[in-house]
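Assemble chain Y onto chain P, guided by the hints.
Number of protein chains: 2
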Amino acid sequence: MSAVRILVLGGGFGGVYAARFLENEFQPHEAEISLVNRENYFVFQPLLPEVISGSIGLTDTVAPIRRVCPRTRLYVRELESIDFAARKVVLAPGVRPRRLELPYDYLVLAAGSTTNLSGMSGLAEHALPFRTLGDALRLRNRVFQCMEEADTEPDPEFKRRLLTFVVGGGGFSGVEVIAEMNDFLRGSARHYHSIRPEDIQCVLVHSRDLILQEMDPALARYAQNLLARRGVVLKLGARVVAATADSVIIKRGDTTETIPARTLVSTVPSGAVPLVQSLDCKKDKGGRVVVNSFLEVEGHEGRVWAIGDCAAIKMSDGADAPPTAQHAIREGRTVARNVAAAARGGEKSAFLFPGLGKLGSLGHHSAVAEVFGVKISGFLAWLLWRTIYLGKMPGLDRKLRVGLDWFTALLFPGDLVGLRVQATDNITNEHFEPGEDIFRQGDVGDRLYVIRTGEVEVVRDGVPVTTLDHGNYFGEMALLANVPRNATVRAVKPTDVLAVAKGDFAKLLASFPEFAADLKDMASRRAR
Amino acid sequence: MSAVRILVLGGGFGGVYAARFLENEFQPHEAEISLVNRENYFVFQPLLPEVISGSIGLTDTVAPIRRVCPRTRLYVRELESIDFAARKVVLAPGVRPRRLELPYDYLVLAAGSTTNLSGMSGLAEHALPFRTLGDALRLRNRVFQCMEEADTEPDPEFKRRLLTFVVGGGGFSGVEVIAEMNDFLRGSARHYHSIRPEDIQCVLVHSRDLILQEMDPALARYAQNLLARRGVVLKLGARVVAATADSVIIKRGDTTETIPARTLVSTVPSGAVPLVQSLDCKKDKGGRVVVNSFLEVEGHEGRVWAIGDCAAIKMSDGADAPPTAQHAIREGRTVARNVAAAARGGEKSAFLFPGLGKLGSLGHHSAVAEVFGVKISGFLAWLLWRTIYLGKMPGLDRKLRVGLDWFTALLFPGDLVGLRVQATDNITNEHFEPGEDIFRQGDVGDRLYVIRTGEVEVVRDGVPVTTLDHGNYFGEMALLANVPRNATVRAVKPTDVLAVAKGDFAKLLASFPEFAADLKDMASRRAR
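Protein chains in written order, with numbering that gives the first Met the number 0: chain P, 0 to 527; chain Y, 0 to 527.
Pulled out of the complex, with its shape left as it was, chain P reads as follows (with noise of 0.2 Å):
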């Protein structure tokens, strides 16, 4: 028998441990297995909020694909097309300009979920999600960024406005986010001069009436009470509903609140990946692939399964298997043994993981745990958390690592440095909503704005001006004279704009000589 070619696409706990679960399955000789993700590693995703305090070690949150399945080949590319038919997947260009063709003969789906936030304004353009070490590096970086520029801001209101820090969605993730965020900002607030810990404020926002709706209400309770002590603001039976770059809006019944505030983290969770929801095959109303009892994507049964969150996999109970890391361990532990059956013939195993509990973190040394039954809270709880995190660290080292900065957290505050990695030139959407300045006369100028839905209105020395609307810029003056903002201009609609850095937007003028002659006409017309 030739070599079989097993291909998993996605690296999350599902993907990898498939992975791994397979070459105990398969002899090396008998298969050519293969996994296809964005990055190198795969993400703890419990241990992500950590990052934000950093009292964990930037990269023992993830842990390096290549250790955990030694043997399986990794493709680190994106995603560009499934074709079922053909039995093949498309990978995008890396490095080169060539996409890549990989065949398979058996696949599993493991690509995972996403966080939608396109539906409401403002979000796409506003909200940071959590999923990614890059994500939660962003929001380290956001949160001193907000500190520093917080600390010499003389107006109190807009300082008010860096120092809240909202968070949407009172899952385990969000309330880890929160309590994390919340703890570390509390204590660093002592190395700035003029930030007192009652300027902060952290809110959570969560649709129902209880966080943490997986967990016992008991232990949700006391989660509640332990967040409200330490000063984290709840805002229960609310939703997000927009965003822009100075504050957030929610709705609880019928009324609206706007909360100011610069940061908005969203945790809500959507449907899978959109290759996923655009595949060719039974789906949930998340866009979730709907597998039998073997894990087998219908229509596809012995050739395509699917595991994690991009598939929707009921238990034993009829119930949802959560989206958890334990769930996603047995189903690549399942899916190996009936990639097994199929290539070798032989029984098919059923998914039956009824689950072994459910542990979430408050931050601080305590946590809420369920374990076989038994409800635990406060440091005991976090104790069996980190005990049982640990325990699932591949590799020794990572282990000795982690363990070695939990005790030095224990002893030590945390840390002060922001990780600025990224370029600040760059062209962005923004979302702003009525009554919202985009800028204000006398403003410097550092950006010029496109307007893609919406209308505003220009202002000058406080009398109206004109109004402009779609495909309208504006703030080109500023930037082509180097000269402070003539005009105020206000969003008069719910509007987006794209809004283009002055670095950027000096390279564009550079380099499209028509493009520059064109705004300078505008500008000298406009300035007539």
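Honestly, I wouldn't trust all of these hints.
All copies of an identical chain are treated as equivalent in the list; a pair is satisfied when it fits inside any one copy or across any two copies.
Simulated pairs of lysine to aspartate or glutamate, EDC-like, Cα-Cα distance not exceeding 16 Å [to be verified]:
| no. | residue 1 | residue 2 |
| --- | --- | --- |
| 1 | 357 | 82 |
| 2 | 284 | 197 |
| 3 | 374 | 215 |
| 4 | 506 | 124 |
| 5 | 506 | 300 |
| 6 | 398 | 297 |
| 7 | 492 | 432 |
| 8 | 501 | 77 |
| 9 | 313 | 124 |
| 10 | 374 | 454 |
| 11 | 234 | 208 |
| 12 | 506 | 495 |
| 13 | 501 | 79 |
| 14 | 492 | 468 |
| 15 | 506 | 429 |
| 16 | 281 | 300 |
| 17 | 250 | 148 |
Since the hints were made in silico from the structure, they are not lab data. Model, not experiment: these values are computed from the prediction.
Structure of chain Y alone, referenced to chain P:
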């Protein structure tokens, strides 16, 4: 006496220690000390190369400024201008589009130096500098990206290109970077299925015949032999003169050599930062501010001082003070005393520090050192190197953490986690040498190009079709129609282009209808 306002510009060793010593010289009510820096931390330059292999925690190569000088007011902003006459400094806007003006009574310039790449063609576009934590992270990511791509690259020639890493400059920094990178690459190769150690090439280009010219020749020769034994290729008496995305061009005497390599790191030092170079005071040819033995700036004695890499400081023996941490720290101490003398009256102190010794790490538990006239090499020198730097770190927590990192790194191999946090869409400048392909017929079209200088020819099916030069753009057809490149475009002169990535291109098209119309017009004309 009302509090004097002392302003320190720059947060390297010089600036941070000046602020720290100023806190000792003045009572809190006597002086208001402020410091301006781009980041909220300062960098332990000599440890930065360890970020590449991850043998030290990513944030442990830096220390929070607020911890080291707690009484100093920190402004995390870019410097925009310095006005000696009006005694004020202007800071660039932060989150809000407002500049900040800081008046001062006494000013300490400690703004550091820069890696000037603009003189040589292609270096600004393609060489990676190595000064900041961001630079170190970018290099780490580049190393991983090249390894991941090389592992799945079928063309052996391109694979070798991906796995060739060139460092320009054989001073302490260059030697430490090449040593660390070489060790790490060779150590990690076994985790990659199709990378053999002999595919990896690390090249050090140095302008003299012996590296580490600050060191005793015997130690420098020891270092050189050690690197060669470990597989580093040394190109001595040579300089990097040009670079493209795919190759590095070096010149030795009259001979030019092209090294096929995707990665070039430049550690060749240059002058002071541009803002300091433009100041109205006496400077040396590197643009560094000339100071007297009290570190005072000529014409501004008792008012403005300059220290660290932005100053041309003579030692008592007439030699230039080298740009090392030990010197910067002592310059900080001298300047603090002299500011106090200026504020209160009193004796000024001359800078009279002879230097304690020289240390250079060679990776893999070896180093060279000259301390109090004694020459040491090998493991003992490495232990000394570690001990000294550990001692310099501020705070017990950081000392402990770095000590533990080093301990675990002795036991376990380097980590494999790439850390991509940057967005991939952007507008970049690129340089091509004559004969190089910008893209090839059949490639996937992933960007639009605009020619800034130079000339290219368009070749279809092996036949030259046309040439294009300054202001022309090309590559738009593949982006507009989402088809492969229908021709090869090749540089015929040294050519600089602006490259607009697909994502940004799409945003621009959607927002500037005129621009989109222009392009479509042109595309259809060309297609005919």
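Each hint, compared with the structure:
In the homo-oligomer, the alpha carbons of residue 357 and residue 82 never lie at most 16 Å apart, since the shortest distance is 37 Å inside one protomer and 61 Å across protomers. With identical chains, the CA atoms of residue 284 and residue 197 are never at most 16 Å apart, being 43 Å at best within one copy and 52 Å at best between copies. Taking identical chains as interchangeable, the C-alpha atoms of residue 374 and residue 215 lie at most 16 Å apart only when both belong to the same chain, with a minimum of 8 Å there against 67 Å between chains. For a Cα distance limit of 16 Å, the shortest separation of residue 506 from residue 124 across copies, 13 Å, qualifies, whereas the shortest one inside one copy, 24 Å, does not.
Within a single copy, residue 506 and residue 300 get their C-alpha atoms no closer than 53 Å, and across copies no closer than 41 Å, so neither meets the 16 Å cut-off. In this assembly of identical chains, residue 398 and residue 297 lie within 16 Å of each other by CA distance neither inside one copy nor across copies; the values are 40 Å within and 57 Å between. Only within a single protomer do residue 492 and residue 432 lie at most 16 Å apart by alpha-carbon distance; the minimum there is 7 Å, versus 51 Å between protomers. In this homomeric assembly, residue 501 and residue 77 come within 16 Å of each other (Cα to Cα) only across copies, at 15 Å, whereas the closest approach inside a single copy is 31 Å.
Within a single copy, residue 313 and residue 124 get their C-alpha atoms no closer than 35 Å, and across copies no closer than 53 Å, so neither meets the 16 Å cut-off. Taking the shortest Cα distances, residue 374 and residue 454 never come within 16 Å of each other, neither inside one copy (54 Å) nor across copies (72 Å). Within a single copy, residue 234 and residue 208 get their C-alpha atoms as close as 9 Å, which meets the 16 Å cut-off; across copies the closest is 69 Å, which misses it. Taking the shortest Cα distances, residue 506 and residue 495 sit within 16 Å of each other only across copies (13 Å), while inside one copy they are farther apart (24 Å).
Proximity of residue 501 and residue 79 under a CA criterion of 16 Å is satisfied inter-copy only: 15 Å between copies versus 33 Å inside one chain copy. For the identical chains of this complex, residue 492 and residue 468 are intra-copy neighbours only, at 10 Å inside a copy versus 44 Å across copies, given an alpha-carbon limit of 16 Å. In this homomeric assembly, residue 506 and residue 429 come within 16 Å of each other (Cα to Cα) only across copies, at 12 Å, whereas the closest approach inside a single copy is 21 Å. Taking the shortest alpha-carbon separations for residue 281 and residue 300, only the intra-copy value of 13 Å comes in at or below 16 Å, while the best inter-copy value is 79 Å.
In the homo-oligomer, the alpha carbons of residue 250 and residue 148 never lie at most 16 Å apart, since the shortest distance is 29 Å inside one protomer and 47 Å across protomers.
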